[in-house]
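Colleague: Model the full structure from these sequences, guided by the hints.
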Amino acid sequence: MAKKRGRGVAGCWYGIARTATVDRAGAWVEIDDGGTAKVVTGVTEIGEGILTVLAQIAAEELGVRPEDVTIGDNDTARSPEAAHAGATRQTYMIGNVVALASREAFGKLAQVVADEWHVSPDVIEAASGEIWVGGTNHKMSMDTAVHLAKSRGVVPLGSASFGTDTTGLHPVDGAGRPWQAYVFGCQVAEVEVDTVTGEVQVLGIWAAHDVGRAVNPKGVEGQIEGGIVQALGQALMEDYKIDKGHTSTPGFAKYILPTSLDVPQITSVIVEDPDPIGPLGVKGIGEPAMVPTIPAMMNAIYDAIGVRVTELPASPEKILMALKDKERTENDRRAAAQAAE
Amino acid sequence: MPEMRIEATINGRKIARAAKPHQRLLDFLRDDLHLTGAKEGCGAGECGTCSVFIDGVLFKSCMVPVGKAQGKTIETVEALTRTGELSVLQKAFHKAGASQCGYCIPGMVMAATAAIRINPFADREEIKERLGGNICRCTGYQKIFDAVELARDVQNGKLPVTALAEDETADGKYIGANVRRLDAPSKVSGALKYAGDMVMPDMLHLQVLRSPHPHALIESIDTSEAEAMEGVEGVITWADVPGEDGFGVFVHDQPIMARGKVRYVGEAVAAVAAEDAVIARKALSKIKVVYKLLAALFDAEAAMQSGAPVIHDYAPDNVTKHIPIRKGDIARGFAESDLVVEETYSTQPIEHAYLEPEAGLAYVDPDGVVTVISPSQNITHHRHMLAKIIAKPINKVRFIMSPVGGGFGGKEDMIYQGMLALMAMKTRRPVRLVFTREESIISTAKRHPSKTVLRMGLTREGRIKAVSLKMICDGGAYGLSTEGVMRKAAILGAGPYNIPNLQVDTYGIYTNNTPSGAFRSFGALQTQFATESHLDICAEKLGLDPFEIRRINAMRDGAETHTKQQLKSVSYLRVLEAAEKASKWEQGAPVSRGDRRADLTPVGEGVRAACSLGARFEANGKLEAAE
Chain S
136 MAKKRGRGVA GCWYGIARTA TVDRAGAWVE IDDGGTAKVV TGVTEIGEGI LTVLAQIAAE
196 ELGVRPEDVT IGDNDTARSP EAAHAGATRQ TYMIGNVVAL ASREAFGKLA QVVADEWHVS
256 PDVIEAASGE IWVGGTNHKM SMDTAVHLAK SRGVVPLGSA SFGTDTTGLH PVDGAGRPWQ
316 AYVFGCQVAE VEVDTVTGEV QVLGIWAAHD VGRAVNPKGV EGQIEGGIVQ ALGQALMEDY
376 KIDKGHTSTP GFAKYILPTS LDVPQITSVI VEDPDPIGPL GVKGIGEPAM VPTIPAMMNA
436 IYDAIGVRVT ELPASPEKIL MALKDKERTE NDRRAAAQAA E
Chain D
3 MPEMRIEATI NGRKIARAAK PHQRLLDFLR DDLHLTGAKE GCGAGECGTC SVFIDGVLFK
63 SCMVPVGKAQ GKTIETVEAL TRTGELSVLQ KAFHKAGASQ CGYCIPGMVM AATAAIRINP
123 FADREEIKER LGGNICRCTG YQKIFDAVEL ARDVQNGKLP VTALAEDETA DGKYIGANVR
183 RLDAPSKVSG ALKYAGDMVM PDMLHLQVLR SPHPHALIES IDTSEAEAME GVEGVITWAD
243 VPGEDGFGVF VHDQPIMARG KVRYVGEAVA AVAAEDAVIA RKALSKIKVV YKLLAALFDA
303 EAAMQSGAPV IHDYAPDNVT KHIPIRKGDI ARGFAESDLV VEETYSTQPI EHAYLEPEAG
363 LAYVDPDGVV TVISPSQNIT HHRHMLAKII AKPINKVRFI MSPVGGGFGG KEDMIYQGML
423 ALMAMKTRRP VRLVFTREES IISTAKRHPS KTVLRMGLTR EGRIKAVSLK MICDGGAYGL
483 STEGVMRKAA ILGAGPYNIP NLQVDTYGIY TNNTPSGAFR SFGALQTQFA TESHLDICAE
543 KLGLDPFEIR RINAMRDGAE THTKQQLKSV SYLRVLEAAE KASKWEQGAP VSRGDRRADL
603 TPVGEGVRAA CSLGARFEAN GKLEAAE
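These protein sequences, in sequence, are chains S and D. Quick note, this note's numbering runs 135 ahead of the 1-based positions in the first sequence. Quick note, this note's numbering runs 2 ahead of the 1-based positions in the second sequence.
Take every hint as true, because none was put in to throw you off.
A short, non-exhaustive set of chain D residues, derived as facing chain S with CB atoms under 7 Å:
no. : residue
1   : Glu48
2   : Thr141
3   : Tyr347
4   : Arg522
5   : Lys570
Derived coverage of chain S by chain D (criterion: at least 3 residues anywhere in the stretch with Cβ under 8 Å from a Cβ of chain D; other residues may be distant):
no. : segment
6   : 297 to 310
7   : 334 to 345
8   : 361 to 373
In silico SDA-like pairs for lysine to any residue, Cα to Cα no more than 25 Å straight-line:
no. : chain 1 : residue 1 : chain 2 : residue 2
9   : S       : Lys379    : D       : Pro318
10  : D       : Lys22     : D       : Gln72
11  : D       : Lys453    : S       : Gly441
Rather than coming from a laboratory, the hints here were simulated on the basis of the structure. The C-beta atom is built at its ideal place from N, Cα and C for all residues, glycine as well.
Modeller: Structure, rendered in structure tokens:
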């Protein structure tokens, strides 16, 4: 049999937002003419889908639709600090602060509408461009509500800041509270190893990740799938070669990346264990998605052919060499056993 | 320079205009016709971001000299939306969530359009094959395959057109709904402008002279000949830095351009701004730098030896950062163990390979505000650093984050923005810099290569009593994010397990290799690779199922972490159970059961078919065609 199948598992954990320091983010929100909304915060897409996530959050909190929300781009001279796009912090830090600022803006609008209807602002509800009081005939469009507010001299604005309760690490024993939210994950890999060519193909991955609360499940899957394929690259093929400071892999002909033909089928299982601290219960997924992938694959290779790869990548050359070593060891053992008899 | 005249039909419009013989079709489309939907990802025909149709056939326009366009009919991604509406395939990309950073997407859309034009009934495997020449670094391709299948089925009438529409959302509850990405239309249509697509009136083009040596003193730099060239508007070196020169995510040890010494191959030494990039590149060759070579370090462990050459004066031991974590009594823990296993794990340096190479545009605005537009992942910190470097108050420095064509941590470093700012200040004109792929690979950070020695002691029942973990990472020539990477690697390295006795040490070390920096999963990937491999080795020796050994040791609600933090809710057991169930895992110790397992998955139920493209060697060594 030249082709051997095997399965392996690995777990992981990860901290959300900046490590061992106080993280923070700010946002401004305005419920705008026509029942639209402006969200201004220092953030720009790096591809993860944060603009859509923030529009969803603002829309639900303000009672408008995501397509009504305009998100201000990241500009140090025009928007409040939201700091960097990294550390699996965007949904957590910026998502939570946009929710808080939206609540403040909505509170201002709700007060005007409540005064108009002579009810308490607490009973005002809104969704998808309409604002009403449940169980009554009080109802108007957000467009009208904003117009009403402005006629009373009120621009419905909100602003907020969200910071973490975290500490640095003790310099001697590392004690400290590096994050306030943690996520956990587990992946199973199924591989096929060609023992003649040494090639490993990853056929399937099952990935279960806690994300706190999935704002956009398809976006979460996209992060998991993308993370797994990046990890597959490191596990099996990618290798930045450097000799005496000079690289021999300065382009994609030499630095090999996973293509559409290398990728496994991926089954994502989203687990939601809400964060008890932030207002939304959200956590994150960007980085942890790729942490268990490589050991799950290496454990699967071991399951398939009895070879333990401890030095990445598990290239065909390395697999073949390890198989030869294994064969030699087994032959030696057999010979020794025969000699002993 | 001689000129040629190109007559062609481009996106349905006849054009006749001058072109330069050295131009590629990609340059002609982007620079002369302002069709920036086709992107440059590699300039070598390897990534597909520049895909266009020539007479209806898919081509990589970076490989086509402009002369080849003579008399041809050319379609770019912009042609697909000529009616003002997205094509069925573009709508399917929107619906399926097939775009993330979006930089590869115009090319991917072209390749996918070609795929279902050639075979309107292509199955998923054929679609994969037809997209094989286009690289995507973000999506993992799954949602792209979904999109092409969706478009195929809508085109063939197997699915109604409404399958492309937004899913209904109940009662304004948008949190938890699969709202389509708001930025997808701009990405699938090629309309979104990344920094390298942006132009400004009177814009100059920047090119960078880079070090050919890993470690050398700079004895002199003579820029006079370059400065005298026609079309050259400015040359800068370290001497043009007015303030406190130094950047880095944690330690500001890297100058904007080499200051008296180069520490890695590819480090910026000088930069030229000229009317076009060709002149700027020519001018680089006129800059004379005299180097005095120094002994260099290429191995982190060698760099830790006493007497090793010193790379940064402030760190005479070449240690960028050491992070220790201690808990319990490690000696007692190992003494109480029934099984002690030690193994060494190593990982290689990895390139981020975002499809968008670094690019940026800087100008000084009428109020004297130095403004930099670039796909920076951390404009807040960049503003702080640049203000010090150019000695200006912080509100006279403005950073604008352009759409990021993939970052993964690689665009957290202020590796080129300082040069753009200095040149804009010097020339008083807007300046743009666009890296080539080669420049991006040699000069920017990699994932830290690592070597981890892991020792674990367990009881017969599989309970972990003690762990010692020591990781040494090659941080390369500058600090960048090394300190943070060492910290995260240390905190998370031993995994989500209760370990009463623990000793973790992570070391980031200076060498003269390409600097290492932030990369998605930031050190935790390296150490947890070791720990999660190790648990399987121990499980085999103890005859335990791999899920079981993890469950026995799993942190639970209220657990205390390795840094002695009390956790509230811990979901580890839940994710273990979820993965075990979803994969229909068959219990058993990890003893290389392989083909003897009963839980290997039938194709279509969670695994793809093994790829059998091309020829395969059979076990007897003879070459056979694929089945």
